[in-house]
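Turn these sequences into a full structure, and let the hints guide you.
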Amino acid sequence: MFHTRLKKWSKKAALATLMTLGASSLANAHPMWLLPHEYNLSGEKAEWITVDASASHTIFSPDKALGLDRLSIYTPEGGKQRLGSYYKGQRRSVFDLEIDQPGTWKLELARPTVYFTFYTNKRGATKRIFADKQEAASQLPDGAQDVITRQFNVSTVSYITWQAPDNKVLELTGKGLELAGPTHPSDVVAGEAVSFQFFVDGKPAEGVEVELTPNSTKYRNDRMMQKLKTDSNGMLTFTPEIVGPWYLAAKIEHDRKSDRADSESSLLYLTFDAQLP
Amino acid sequence: MTHKGFQNKGWRAGFAGIVAGISLLSLTAQPLHAAEANSPEALSITFSLPEIQTGQYQRPYTAVWVEDASGKAVKTLAVWHGDKKWLKDLRRWWRKTGRYQDGDIDGATGATKGPGQYSLSWDGTDSTGNPVAEGEYQLVLEASREHGSRSLLKQKFTLPDINKTYRIKAGKELGPVSIEQAD
Chain A
19 MFHTRLKKWS KKAALATLMT LGASSLANAH PMWLLPHEYN LSGEKAEWIT
69 VDASASHTIF SPDKALGLDR LSIYTPEGGK QRLGSYYKGQ RRSVFDLEID
119 QPGTWKLELA RPTVYFTFYT NKRGATKRIF ADKQEAASQL PDGAQDVITR
169 QFNVSTVSYI TWQAPDNKVL ELTGKGLELA GPTHPSDVVA GEAVSFQFFV
219 DGKPAEGVEV ELTPNSTKYR NDRMMQKLKT DSNGMLTFTP EIVGPWYLAA
269 KIEHDRKSDR ADSESSLLYL TFDAQLP
Chain B
3 MTHKGFQNKG WRAGFAGIVA GISLLSLTAQ PLHAAEANSP EALSITFSLP
53 EIQTGQYQRP YTAVWVEDAS GKAVKTLAVW HGDKKWLKDL RRWWRKTGRY
103 QDGDIDGATG ATKGPGQYSL SWDGTDSTGN PVAEGEYQLV LEASREHGSR
153 SLLKQKFTLP DINKTYRIKA GKELGPVSIE QAD
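Protein chains in written order, with the numbering used here: chain A, 19 to 295; chain B, 3 to 185.
Any given hint could turn out to be false.
For lysine-lysine, the following BS3-like pairs were computed, each having C-alpha atoms within a straight-line distance of at most 30 Å [stated by the list, open to error]: (1) B:K174 with B:K74; (2) A:K269 with A:K186; (3) A:K98 with B:K87; (4) A:K275 with A:K221; (5) A:K106 with B:K87; (6) A:K63 with B:K171; (7) A:K124 with A:K145; (8) B:K87 with A:K124; (9) A:K124 with B:K86; (10) B:K74 with A:K63; (11) A:K63 with B:K115; (12) A:K98 with B:K86; (13) A:K236 with A:K269; (14) B:K86 with A:K186; (15) A:K98 with A:K193; (16) A:K63 with B:K86; (17) A:K186 with B:K87; (18) A:K186 with B:K74; (19) A:K124 with B:K115; (20) A:K269 with A:K145; (21) A:K124 with A:K247.
Everything labelled a hint here was simulated from the structure, so no lab data went into it. It should be emphasised that the depicted structure is a prediction, and the values quoted were computed from it without experimental measurement.
Put into structure tokens, the structure is as follows:
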């Protein structure tokens with residue numbers, strides 16, 4: 019009896035390991051998030067929000083602080099601002115932002131494009147170096163096999179709305195992996211269906227892999243992460259059942275190569291608030 | 003590439019020229035013993051804000067409104083609040099209608115009110131003052147109190163469906179509610 023149970027368990031464990039390996043490129047990239055203290059504001063005067071920024075696998079417990087020099091702040095009127103001063107600790111970065119225009123704001127932290135070259139060494143272990151195809155040529159050890167260079171474009175976004183939501187910051191740029199309506203990110207309500215459409219270079223993107231995780235994973239046994247894919251229209255439909263902030267991780271491998279990489283993937287992270295019904 | 007617009011809540015656009023008088027006629031927020039409103043009513047509502055024994059009692063932010071069958075706000079009957087900074091804590095009301103600053107809100111606005119019985123009425127018009135179509139609707143009451151809780155109460159009803167009475171059990175911050183439909 020005990021034996022069979024153990025067997026069952028190890029099978030499960032093996033399966034879990036396999037799944038982790040299969041999703042390793044998505045899991046490897048540290049999930050970065052921007053967590054505003056409030057997503058919707060109602061005052062008559064400009065208000066300050068405070069935002070935590072970290073990278074972690076436990077949603078939303080800070081683990082690794084993020085540099086925010088590259089943070090872009092998009093205003094409802096179409097402007098773009100840089101962040102002034104911010105605090106960077108060991109596990110978390112923090113900034114405050116005055117929301118002084120009604121409408122929807124977008125915060126975006128885009129990582130510089132990163133190249134990893136993966137290979138198998140003489141002993142059969144999988145290794146990686148931070149190098150594009152050309153750089154790798156001189157850096158790879160003798161006997162390196164199964165060499166593949168992957169390019170990752172990574173960004174994390176969050177939306178804040180003062181008074182009524184609007185769509186200026188949701189207009190597509192036509193570059194890379196992007197997310198748009200029909201559900202406005204400030205209009206997500208627990209228990210109600212949400213539809214987000216994903217685009218690559220301005221065209222609806224089928225087969226985007228999406229992981230959705232509700233907040234506070236450290237206070238429960240089940241991570242409650244859902245794995246979904248966009249349909250032929252690039253549409254993702256789901257119903258968040260838990261109130262509070264959610265983490266969305268979207269990934270797609272593009273169908274293209276370059277002189278610097280054998281494959282190119284884009285990762286887009288989003289935090290959004292599932293509001294009380 | 004065309005990408006469809008977001009759900010823009012087009013139904014709420016263009017309410018700027020709301021006639022204040024309509025709102026005044028349709029809304030009466032007064033103690034129960036006072037005279038009933040003379041306007042034709044689709045709905046008369048009485049509810050209470052409970053007395054709560056606590057050292058830090060702040061009057062609740064309270065909103066009462068009507069939604070259609072799809073959940074769109076049709077008309078705000080009352081919104082009692084202080085600093086608008088906290089209006090968002092009337093989470094549903096804020097999302098459904100408050101944030102769009104429609105014309106019907108001015109006439110329904112008042113200061114927060116303490117424990118007691120209140121009565122409101124709805125004349126069966128939407129936020130532009132036009133009579134609504136027959137069909138399914140829902141009355142929604144929401145109250146949220148600093149240091150306290152939030153209550154959300156809902157009752158579906160059909161127009162026309164005269165002389166029907168509904169009761170909603172009290173929540174922590176709101177109720178009980180009784181609703182009467184009349185012709």
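For this structure, which hints from the list above don't hold up?
Violated: hints 6, 7 and 19.
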